[in-house]
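Novice: Chain by chain, the residues:
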Amino acid sequence: MMKRINALLMSPYGPAVTGAVVGILAPLLVWMGNPGNMGICVACFTRDIAGALGLHRAAVVQYLRPEIPGFVLGSFLSAVIFGEYRPRAGSSPVIRFFLGLFAMIGALIFLGCPWRAYLRLAGGDGNALAGIAGLLVGIFIGIVFLWKGFTLARSYPSPRSSGLFMPLVSVVLLVLLVLAPTFGEEGKSAVFFSSSGPGSQHAPLMAALAVGLLVGWLAQRSRFCTVGALRDLVMLRDGHLAKGVLAFIAAAFVTSLALGLFRPGFTGQPVAHTSQIWNFLGMVLSGLAFTLAGGCPGRQLIMSGEGDGDAAVFVLGMLVGAGIAHNFNLASSPAGATPFALGAFLTGMAFCLAVGFLMREKI
Amino acid sequence: MNDSHVVDARGLSCPQPVLETKNALAAAAGGPVEILVDTVTSRENVCRFARSQGWHCRHEERDDGSFRIVLTR
Chain A
1 MMKRINALLM
11 SPYGPAVTGA
21 VVGILAPLLV
31 WMGNPGNMGI
41 CVACFTRDIA
51 GALGLHRAAV
61 VQYLRPEIPG
71 FVLGSFLSAV
81 IFGEYRPRAG
91 SSPVIRFFLG
101 LFAMIGALIF
111 LGCPWRAYLR
121 LAGGDGNALA
131 GIAGLLVGIF
141 IGIVFLWKGF
151 TLARSYPSPR
161 SSGLFMPLVS
171 VVLLVLLVLA
181 PTFGEEGKSA
191 VFFSSSGPGS
201 QHAPLMAALA
211 VGLLVGWLAQ
221 RSRFCTVGAL
231 RDLVMLRDGH
241 LAKGVLAFIA
251 AAFVTSLALG
261 LFRPGFTGQP
271 VAHTSQIWNF
281 LGMVLSGLAF
291 TLAGGCPGRQ
301 LIMSGEGDGD
311 AAVFVLGMLV
321 GAGIAHNFNL
331 ASSPAGATPF
341 ALGAFLTGMA
351 FCLAVGFLMR
361 EKI
Chain B
1 MNDSHVVDAR
11 GLSCPQPVLE
21 TKNALAAAAG
31 GPVEILVDTV
41 TSRENVCRFA
51 RSQGWHCRHE
61 ERDDGSFRIV
71 LTR
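Protein chains in written order, with the numbering used here: chain A, 1 to 363; chain B, 1 to 73.
Hints are computed from structural coordinates only; laboratory data are not their basis.
Hints should not be assumed to be uniformly reliable.
[Stated by the list, open to error] Lysine to aspartate or glutamate pairs mimicking EDC-like chemistry, simulated, CA-CA at most 20 angstroms apart:
no., chain 1, residue 1, chain 2, residue 2
1, A, K188, A, D238
2, A, K243, B, E34
3, A, K148, B, D8
4, A, K3, B, E34
5, B, K22, B, D8
6, B, K22, B, E34
7, B, K22, A, D238
8, A, K148, B, E20
9, B, K22, B, E44
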């Protein structure tokens, strides 16, 4: 049975199977308590974790989302079982840190990562269209750099123990979630948990963790990637990963309908704003940063579970980026983008374009 | 096998191993091409691309855990 499932996940149908399962589970998590159209959002959930740890103090988005450590641990266990746990590191880690940081800032200007962009679309949120258009443009800019020889250079195998870092951090996060300690006066010291807003909305811990572990395993086996899907389709005419995204959107749409969560329209959408220029530009920045780093935020988490230290650095960049996005008032709210979004966007694009132009060492 | 038809794509991020393969196949004029990669994902991606271009794909694991892929027409 296990062997058959693994063969299916490794087959040309693997990404589609993964996409379909995640597409069913994500709206189910909303139905069980997660915020609207946010069954799974790698950017939003990492941001919530940053908030719980006090890296930002936006009181409405602080929760130790168990889905994220679930992804890492699910991928880690899968990689160990199937002989794909291969610790490696050394491919421009500092640049990857800032790519993660700016990818997060772009995602928080839009209000979601590529996963959530597709989930928002499947849930009827028309504003997601501008975000997905921006994602495509960002990926396309990244593709141009790749054609011109862009590279962040090689990673090299590292000691087996080095890959245990992210799984261990994930366990620590889960312990903090369960014990919910406060290091000082409550409300003034971590761990923070929102009492209102999206951070207060969450599915039961065990359900969310189980989904995280399952998705981590499925995505590790099938290489599901929401950015690689569009990149390979445009760049190599290869629809292998794109079938995963199509199945993801279709399954999420049908499940949202079945659960009565489908609400078509532009205004009043959950955790979303109607400033289409910022929905678009936020995802241009994000899409470019993800493409230069080699994969979507979910994929980075999965690779960090396989022992990829560079992907781990990208994830840590996202965590810090979430702190900066809220501390410097760069993140949008349902009211729209902030006056500082323009500066954040221009800074992020300047960084990503400089990286794209300059990193083309002949290898 | 000529050295110019050996591509060392170990440690490169997606999709660079496939791009290097694409360039090597274009330059190989039908002869065998050898690609080195160090993850199963890269091995699958290179073989999937090569097969889609009408090449045959054989691979073996090397002592250091990396993979040697041989592509032939």
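Novice: Find the hints from earlier in the document that the structure breaks and name them by number, from lowest to highest.
Specialist: 1, 2, 4
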